[in-house]
Amino acid sequence: MESILVLTHADENGAMLSKGSLEAVTAGEDLARRVGAELTIGIVAKSAAGATAQVGGAAKRVLAVEGEAFAQSRFATDAAACEALCRAAQATIVVAPGSSRFARVMAAVAHRAAGVIDTHVTAIGGADSVEATRWFYRQRIEAVVSREKRPWFLLVDSGTHPAFAGDAVETPVEQITVELPAVRTNVTGTRAPKLDAQTIRPDAKLLFVAGAGWTKKQPDGQVHVEQAGELILSFLKTSGASLGSSKSLVDQGGEGNSVLPFLTHLNQVGQTGSTPRHAKGLSTCCHGEEPHVVGWRFVGERRAVSLDPNCGWTRGKADVVYVADAFEVIGKVNALLEKVASRS
Amino acid sequence: MSFHIVVCAGIVPDPLQTLEPTTGPNGPGIKNEMVLPAVLDPWAASALYEAANLAAKNPGSKVWLVSLAPKAKLQQVMMSVAQKVSFELVPIDGPIGGFPDAQATAAVLADAISAIPGLERERMLVFGGWESATRGAGVTLQLVGERLGIADQFQGVDAIDVRPDGPDAGSFEVLERVEGGKHQVSACAGAPAVLGWATGNLAEPRNNPQVGMANMRTIMPALQKAKTAALDGNGLHYVSVSLPKQQRTTRVEKNMSADEIAAELAEWIGAD
Numbered sequence: 024m025e026s027i028l029v030l031t032h033a034d035e036n037g038a039m040l041s042k043g044s045l046e047a048v049t050a051g052e053d054l055a056r057r058v059g060a061e062l063t064i065g066i067v068a069k070s071a072a073g074a075t076a077q078v079g080g081a082a083k084r085v086l087a088v089e090g091e092a093f094a095q096s097r098f099a100t101d102a103a104a105c106e107a108l109c110r111a112a113q114a115t116i117v118v119a120p121g122s123s124r125f126a127r128v129m130a131a132v133a134h135r136a137a138g139v140i141d142t143h144v145t146a147i148g149g150a151d152s153v154e155a156t157r158w159f160y161r162q163r164i165e166a167v168v169s170r171e172k173r174p175w176f177l178l179v180d181s182g183t184h185p186a187f188a189g190d191a192v193e194t195p196v197e198q199i200t201v202e203l204p205a206v207r208t209n210v211t212g213t214r215a216p217k218l219d220a221q222t223i224r225p226d227a228k229l230l231f232v233a234g235a236g237w238t239k240k241q242p243d244g245q246v247h248v249e250q251a252g253e254l255i256l257s258f259l260k261t262s263g264a265s266l267g268s269s270k271s272l273v274d275q276g277g278e279g280n281s282v283l284p285f286l287t288h289l290n291q292v293g294q295t296g297s298t299p300r301h302a303k304g305l306s307t308c309c310h311g312e313e314p315h316v317v318g319w320r321f322v323g324e325r326r327a328v329s330l331d332p333n334c335g336w337t338r339g340k341a342d343v344v345y346v347a348d349a350f351e352v353i354g355k356v357n358a359l360l361e362k363v364a365s366r367s
Numbered sequence: 237m238s239f240h241i242v243v244c245a246g247i248v249p250d251p252l253q254t255l256e257p258t259t260g261p262n263g264p265g266i267k268n269e270m271v272l273p274a275v276l277d278p279w280a281a282s283a284l285y286e287a288a289n290l291a292a293k294n295p296g297s298k299v300w301l302v303s304l305a306p307k308a309k310l311q312q313v314m315m316s317v318a319q320k321v322s323f324e325l326v327p328i329d330g331p332i333g334g335f336p337d338a339q340a341t342a343a344v345l346a347d348a349i350s351a352i353p354g355l356e357r358e359r360m361l362v363f364g365g366w367e368s369a370t371r372g373a374g375v376t377l378q379l380v381g382e383r384l385g386i387a388d389q390f391q392g393v394d395a396i397d398v399r400p401d402g403p404d405a406g407s408f409e410v411l412e413r414v415e416g417g418k419h420q421v422s423a424c425a426g427a428p429a430v431l432g433w434a435t436g437n438l439a440e441p442r443n444n445p446q447v448g449m450a451n452m453r454t455i456m457p458a459l460q461k462a463k464t465a466a467l468d469g470n471g472l473h474y475v476s477v478s479l480p481k482q483q484r485t486t487r488v489e490k491n492m493s494a495d496e497i498a499a500e501l502a503e504w505i506g507a508d
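Quick mapping for you: the protein sequence lines, in order, are chains A and B. For what it's worth, the working numbering labels the leading residue of the first sequence as 24, then goes sequentially. For what it's worth, the working numbering labels the leading residue of the second sequence as 237, then goes sequentially.
Mixed in with the good hints there might be a few duds.
Distance condition first, Cα-Cα at most 27 Å in a straight line; then the derived DSSO-like pairs of lysine-lysine [stated by the list, open to error]:
hint, chain 1, residue 1, chain 2, residue 2
1, B, 481, A, 228
2, B, 418, A, 260
3, A, 69, A, 42
4, B, 490, A, 240
5, B, 481, A, 303
Example chain B residues on the side facing chain A (calculated, C-beta under 7 Å, incomplete) [to be verified]:
hint, residue
6, 251
7, 334
8, 339
9, 389
10, 418
11, 476
12, 477
13, 502
In case anyone wonders, no lab produced these hints; they're calculated from the structure. These numbers were taken from a predicted model, which means no experiment stands behind them. Don't be surprised by glycine CBs; every beta carbon is placed ideally from N, CA and C.
Using the sequences and the accompanying hints, generate a full structural model.
Written out as structure tokens, the structure is:
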């Protein structure tokens, strides 16, 4: 008989649960219902009052670790908090969000609990046993795994489950005491990349990828990096898209070539970059090589603008490929989107 | 302040290779994986370059590269990696690929690190990629740190800035990737610590034949003495391993005008 613990944490403001945590609650609730298991929710927060209200009705038992020390996303304190919650719940399966905060600590917590862990889980299924789906080789091979050993920790990728919307049911909260370890690290804040505006928008419907072609010589024999930058920023502003890039373009900055000043490694999508989840993706001036395209695994509809009619996108990696000059096309798209915006 | 930097790095198929899963007597694997061209895991390679850079800035520091892979494959990859930066190789002869259990891999790596002669814990920084290009779980390095009893761990690291002198000499600031394209900034009292690197900020170093020759003098004997490690399955069972079935039917538009394309794209972007 399985018993399930969903571990959650507060968002960056500290009062409410993060979106990923609420998605993990949905995953845990679905699993508990399917296997007929009892569900417990564990909360790590500076103050758990707001978070508790959000998970009303999901579980009969809610545990919380609260305090100033847990306001910070830090290995030593988060690992201690999660370990304490696991010991209190004694669950056989622990579901948690694959957030940066929990991804940093959960393997260590699994080790402390003498358990095992699988991360980047995109689905939890199975008929007679619990099975987890995840990707290997940077989203190139999909596998379904099961484990005999318990407790089994499952870190669920964000965007794979809907966020839990709780009922207005008040659930008593059990406070769990944590023996704080020696703290040698202090989180001093967050820092955004050197940008005029934030270009990475995980919740955007559209991913816009700028490839290396934007900084290459154009038909007039000149490079037009400044114009490229203006077109891209204007597109991001009018469309609300999130900006991604290929490794080759981001790397140009480290090689002393002309680059788009607002691009950093954080924008990189693919083998050594991110694998974002957006409903749509538009690639421009990018060859669509496999190391980049693996980062598009969870992008729904895909279109590309490329001067190369034989680029990787034409080989079953995009829905539509326009063989055209991205400078010209994006300029015109911007004008159309601005017109639509001015009307509304 | 000098550091003893241990970099954990695996061997992965060259990202441009086509991968096809196959099932053998020991479970799933990649077809012809042993003959596919291989490279040092990209994020772990970033960690190695950052380690060498940090060691160069802090005289007296030393870099070890701990790698678990088939000996023959390690030798092949080291021929190019050795020309980049100076390090001492700690090879472990073991299975290749992303399908072995991460917990078992971490146990072997932690044991190998513990056995490094002259490694001083109070100066130790354990580096590696925050995720590999094979398993991509982001747990191995964390488990290594936990097994070594290191309570300061950072993942998705893009920068480390060490205080060179003063009362806080050896303490450092770390930038870790967090959601929304931001970095979390942390101040750590100093070694020992685990840093799982993302891309960092360094370009790949140019090949330096002199560094390569110096490295190979110690790499070859180390490879000959490499211990063989068997990995525990930890009750991991693969129900299925498959390539994604999604293959799109691509419409290639070669003759549309820029105006027509723009109109179609604008409509597509605006549609729900």
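Restraint status (C-alpha distance of residue 490(B) to residue 240(A) at most 27 Å): 21 Å, holds
Satisfaction of the residue 477(B) interface hint, Cβ to chain A closer than 7 Å: 5 Å, holds
Supplied contact hint for residue 251(B), tested at 7 Å Cβ to chain A: For residue 251(B), the interface hint holds, since the closest Cβ of chain A sits about 4 Å away, which is under 7 Å.
When the least beta-carbon distance from residue 339(B) to chain A is tested against 7 Å, hint result: Holds, about 6 Å.
Pair hint residue 481(B) and residue 228(A), alpha-carbon separation not exceeding 27 Å: Within the cut-off at roughly 24 Å; holds.
Per-residue hint verdict: residue 476(B), partner chain A, C-beta under 7 Å: This interface hint holds because 5 Å falls under the 7 Å limit.
Hinted contact residue 334(B) with chain A - closest CB pair below 7 Å: With a minimum Cβ separation of about 5 Å from chain A (threshold 7 Å), the hint on residue 334(B) holds.
Hint consistency between residue 69(A) and residue 42(A) [alpha-carbon to alpha-carbon, up to 27 Å]: 17 Å, holds
Given hint residue 260(A) paired with residue 418(B) - CA-CA distance at most 27 Å: Distance of about 19 Å is within 27 Å: holds.
Interface hint status, residue 418(B) versus chain A (Cβ within 7 Å): Status holds, d = 5 Å.
Restraint status (C-alpha distance of residue 481(B) to residue 303(A) at most 27 Å): Given pair residue 481(B), residue 303(A) holds - Cα atoms ~19 Å apart, limit 27 Å.
Minimum beta-carbon distance criterion (7 Å), residue 502(B) to chain A: Check passed: Cβ of residue 502(B) comes within 4 Å of chain A, closer than 7 Å.
In the structure shown, no violation is registered for any of the earlier numbered hints.
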